[in-house]
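Engineer: If you want the building blocks of each chain, they are given just below.
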Amino acid sequence: MRRLELWSWIAIGIVLSALAIPWFLWGSATVVAGLPLWLWWHVGWMLLASIVFWVFARRAWGIGVEPGRDGSAGKSSGTAGEPTGTGRNRDASVGGERR
Amino acid sequence: MSLRLQLGIIVGYLLLALSIGVVAYRLTDRTAEDFYLASRTLGTVVLLFTTFATLLSAFTFFAGPNIAYHQGPEWILVMGLMDGIIFAILWYAIGYKQWLLGQQYGFVTLGEMLGDRFGSRRLRGLVAGVSLLWLFPYVMLQQVGAGTALQALTEGAVPYAVGAGLITAFMILYVVVAGMRGIAWTDTLQGAFMLVTTWIATIWVLAVVGGPGVATGALESEAAGHLALGGDFYTPQWMLSTAIVIGFGVAMFPQVNQRFFAAGSKTVLKRSFALWPILCVLLFVPAFMLGAWARGLDVAVPEGGNVLPAVLAEFTPVWFAALVIAGAMAAMMSSSDSMLLSGSSYFTRDLYRPFVDRSLSDRREDLLARVGVVVFATAAFAASLVTPATLFELGDAAFSGFAQLALPVGVALYWRRTTRAGITAGIVGSQAFYLSTLFVDSLVGAIEFLTPLLGGLAPALVTVVTTVFQGTYAGWTAGIVGMAIGLVVTVGVSFVTRPAADERRAIYFDGFGAD
Numbered sequence: 001m002r003r004l005e006l007w008s009w010i011a012i013g014i015v016l017s018a019l020a021i022p023w024f025l026w027g028s029a030t031v032v033a034g035l036p037l038w039l040w041w042h043v044g045w046m047l048l049a050s051i052v053f054w055v056f057a058r059r060a061w062g063i064g065v066e067p068g069r070d071g072s073a074g075k076s077s078g079t080a081g082e083p084t085g086t087g088r089n090r091d092a093s094v095g096g097e098r099r
Numbered sequence: 001m002s003l004r005l006q007l008g009i010i011v012g013y014l015l016l017a018l019s020i021g022v023v024a025y026r027l028t029d030r031t032a033e034d035f036y037l038a039s040r041t042l043g044t045v046v047l048l049f050t051t052f053a054t055l056l057s058a059f060t061f062f063a064g065p066n067i068a069y070h071q072g073p074e075w076i077l078v079m080g081l082m083d084g085i086i087f088a089i090l091w092y093a094i095g096y097k098q099w100l101l102g103q104q105y106g107f108v109t110l111g112e113m114l115g116d117r118f119g120s121r122r123l124r125g126l127v128a129g130v131s132l133l134w135l136f137p138y139v140m141l142q143q144v145g146a147g148t149a150l151q152a153l154t155e156g157a158v159p160y161a162v163g164a165g166l167i168t169a170f171m172i173l174y175v176v177v178a179g180m181r182g183i184a185w186t187d188t189l190q191g192a193f194m195l196v197t198t199w200i201a202t203i204w205v206l207a208v209v210g211g212p213g214v215a216t217g218a219l220e221s222e223a224a225g226h227l228a229l230g231g232d233f234y235t236p237q238w239m240l241s242t243a244i245v246i247g248f249g250v251a252m253f254p255q256v257n258q259r260f261f262a263a264g265s266k267t268v269l270k271r272s273f274a275l276w277p278i279l280c281v282l283l284f285v286p287a288f289m290l291g292a293w294a295r296g297l298d299v300a301v302p303e304g305g306n307v308l309p310a311v312l313a314e315f316t317p318v319w320f321a322a323l324v325i326a327g328a329m330a331a332m333m334s335s336s337d338s339m340l341l342s343g344s345s346y347f348t349r350d351l352y353r354p355f356v357d358r359s360l361s362d363r364r365e366d367l368l369a370r371v372g373v374v375v376f377a378t379a380a381f382a383a384s385l386v387t388p389a390t391l392f393e394l395g396d397a398a399f400s401g402f403a404q405l406a407l408p409v410g411v412a413l414y415w416r417r418t419t420r421a422g423i424t425a426g427i428v429g430s431q432a433f434y435l436s437t438l439f440v441d442s443l444v445g446a447i448e449f450l451t452p453l454l455g456g457l458a459p460a461l462v463t464v465v466t467t468v469f470q471g472t473y474a475g476w477t478a479g480i481v482g483m484a485i486g487l488v489v490t491v492g493v494s495f496v497t498r499p500a501a502d503e504r505r506a507i508y509f510d511g512f513g514a515d
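Chains A and B, in that order, are what the protein sequence lines are. So that you can map any letter, position 69 of the first sequence is 69 in UniProt numbering, and since no number is skipped, the others follow by simple counting. So that you can map any letter, position 418 of the second sequence is 418 in UniProt numbering, and since no number is skipped, the others follow by simple counting.
These are computed hints drawn from the structure, not numbers from a lab. There may be inaccurate statements among the hints.
If you want the ones that stay clear, here's a sample from chain A, every Cβ over 10 Å from chain B, calculated [claimed, not checked]:
1) R3
2) S8
3) A11
4) W23
Okay, the calculated bits of chain A under chain B, using three or more residues with CB under 8 Å as the criterion [as the list claims (entries may be wrong)]:
5) 30 to 39
6) 47 to 53
We put the CB at the ideal spot given by N, CA and C, even for glycine.
Chain B with its partners taken away, still in its complex shape (with noise of 0.2 Å):
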């Protein structure tokens, strides 16, 4: 029967995403801009939601409460930190002004932006590379996550190639119909209903077990010193560094940035700003709350399960377990859409354009990339069929590989002497460092296979690769050090070169905002 319920609950969901998809292609000008963009028209409350629900996918589900019930409800500061206030303050200094800059020059992607300022194609190449390699791998986890989540949903009956490809081919469909629009509406009836499920839920599960009182008084038996804020997991640096490193790195997610291009209008630009806060603390104060609560509450989460499907499976009913199971994997879905849609636009416009043919007319620029969603997505897909661990480990770290980018960025954008050599060197150098010490095992064996060659130099080479690239330095992790790097190496290279004759300085202080 839940199985039945379940499954029917999400095929439902999927109609009418798809049904929302078409209204949104009958709408649609057949140009990349309106493809990408929805063309600059989005609304306060499509884009304030838009954002919200693909900034916040299966993880404000699934891996967040868990992490409050193993370690303590702190999460949700690291969250309301990160999402709530540097998210914010990004989307004004650095959200804001990408917005004037596209309307002004019709900017779609981040590395047009770049590579238009500093008249180079190589840097807007390079903008789109490092974005295409962290975001491919994270595509593929999301596939990974929906193919595993069917097959346990489904006790196997759906295998989990049958359900990763099921899930491929729907969001092909969706995105290539839908575009932008589509899915921006989408998003905001599933960011919606991510905040009413999850408030229903809470409510339900405290009503049933007499209050937060008393879920709190049992959480505080069950496990002494969860309630009090820090511990050996949450050491004030790793809550920096991750709120820090995370909430950058969120602001140049290629499905993130480009939302700050989509507002229709500055007042919308304002409004959204404003309510942000309020809408994260709504969210994740309960999804982690009962998380943190059923640690306490004595349920059984199976070894390697999510504690949220089976905090519902035992104080509600079934079908509302299911419906929110569903929402969840909907969630997820809703994310992996708005990537492949950005994924695409990378391609397309910073890669096939520049470097393949320049002279792409509108009309073939948006077929290019309804057929850039299928390679990527289909290529993501046969990825998460092998599961190879390097791009695991790729996809896992994404978040703080993108932030290696914002500072270079920022100080692109708010420091006029800021040159195409600074920008580059910093973020090349920021990304080496940072993907250095995730592959420092690899650098390592390299070194001992080529021991013949380097002779007694192996072993000193390998103290410094293992001294230089570590984990984390004195508590602060690799993440915030390598932003560190990329913006001493833009700002100190900026300062010693001086600018390239095509250089535009201009447009990013005089040129826009002035007819």
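Same shape as in the complex, but just chain A (with noise of 0.2 Å):
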């Protein structure tokens, strides 16, 4: 599940990213209320791509990144919440290396 939530957002960032540029508008000179139309396709796509990002933040920050949280990263406790914040453990893992 967490696999395909993950997947999700991927193409979800690729869209994002495919149409900041609205290739759809190659050529066109239209102008709507001052400024050309491809421009405020582009200020619009970037409100959404913020927007976007807000509700990636809430719901689903930490896919793909913390250990747990997508099933992919290994054996960790999957307790994907804030480190330690202190840490510096730098050799406390050395023993306890996995392949």
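Combine both chains into one complex, guided by the hints.
Structural biologist: As structure tokens, this is what we get:
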């Protein structure tokens, strides 16, 4: 399930990148309210991107990055919480190497 | 009058920045981590604006509007895609993972993070070396820019060398005193100032000429085709290559990459990430449209000069134009000071510490870091006086050079089977390819010089070199081709090699997040 969610977010990221430039308006010089139509599209698209990023940050933050969030990142405890902040246990995991 | 006003505003800004630096100094621990990363405590507004101001320097005010003036405003799309979306996604994919690892293991630099995972001092040194190779000439370019701008501003009263020297001296003083905390605070002021003045400038100019409809109409009649999306200059391949390469390059630029480590909490990262596209579009649209509109408004731009100062001089009062230009100069410095700090950290942490003195104490490292800033800035200043052509080429190509690092690093962060040999080969291979495309003439020269040795082989070699190393490949830039090579080599070599015994594969996957 998490894996499907991860791939959905990756697809959304690709669509967001792909249409930031409105390729379907290529060559168009239509002006709306003093600015080219393609510029309006871009401004709207960036607003949309911001909203999508906000939704992502609220609902899915950590997916694909934190261990245990998507089932693919190994056998760690699965608690994807905030790291301990003060951790300087640089050598702590040397012995815990798993391949 | 305008000269004294402009100088007054610049000096005023410098003094304000310095006073912020002094306040930051009083709050600073004497450790390298605090000096480089403000002890990982930056809040949303500060992180957002310091990244923003560091990223968007003089280019937004000078080069960008100039391109919009000459070629049309499509640059906005390239900038929006590269900074607003691609960089934001990398902010999550690379930056958030880096932040988690930094919290867990105390990493301060990219090289440290990779060197620890792959159990390799040499890899750490390689990443630092490659980064400094591109960073040094880029810092030099900023000094050249500042020296030239001050000379132009004062009509020669402040000669180039004195201008560049003054700004170098100020930056050294400022960075050595303030460290990351002070830089981040001034950047915040700087970022907000940039946004506000750009919007006021745009509204002011539009109010004078009669609104965006009039300005756009004038542009249409002056330069037909400027408004149409695309053209000879803006081809799809070129727009995509530029946006992708620079977007990835920015994430590997030391001063930006290190900010990935500096956030105070996860919430700070989340908020900054969501606000990023809006912030970008808020700055790019007015700044670049002003440049494009200037074309239709018959603004006289001097040969080789910048568009934005010319527009402001034509339509706004002297004091306001001076304020914006002073802001642009300060923007240049606010990027350079972050670069100096990062350059110093790469040098101390990844070259001096592992290769010269492993038993460096925190306190001594803090001192060495400050000495590093002085050495780095002074060397770049010396280079800016001589302005060697090779360094110029390297500085201009810096973003693409950094972009070559991004895919090997991304693969290492997310693919468990990446080996030390794989990532090293990926980094060396793509850097060698990209540098060869920059210096293909020198390669041909070297082959011709060796003709007596090579004999009949020389012409064939020249053909091979000029065929393989080109500026563009079917419209795609050498930068993006190099990135693809880095990806293929990293993955391919990792497939055919086995991990070295002292690699710590688990730390990017299992070793963090689990206490």
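Engineer: Next step is simple, just say for each hint if it's right about the structure.
Structural biologist: Hint check results:
At roughly 14 Å, the least C-beta separation between A:R3 and chain B is larger than 10 Å, which holds for a residue marked as non-interface. With a cut of 10 Å on Cβ distances, A:S8 stays outside the contact zone with chain B, its closest approach being about 15 Å. Listed as a non-interface residue, A:A11 keeps its Cβ farther than 10 Å from every Cβ of chain B; the least gap is roughly 13 Å. At the 10 Å boundary, the C-beta of A:W23 falls inside the reach of chain B, the nearest C-beta of that chain being 7 Å off.
For the region 30 to 39 of chain A, the stated coverage by chain B is satisfied: 7 residues place a CB nearer than 8 Å to a CB of that chain, which reaches the threshold of 3. Given as covered by chain B, the region 47 to 53 of chain A passes the check, having 4 residues with a CB less than 8 Å from a CB of that chain where 3 are the minimum.
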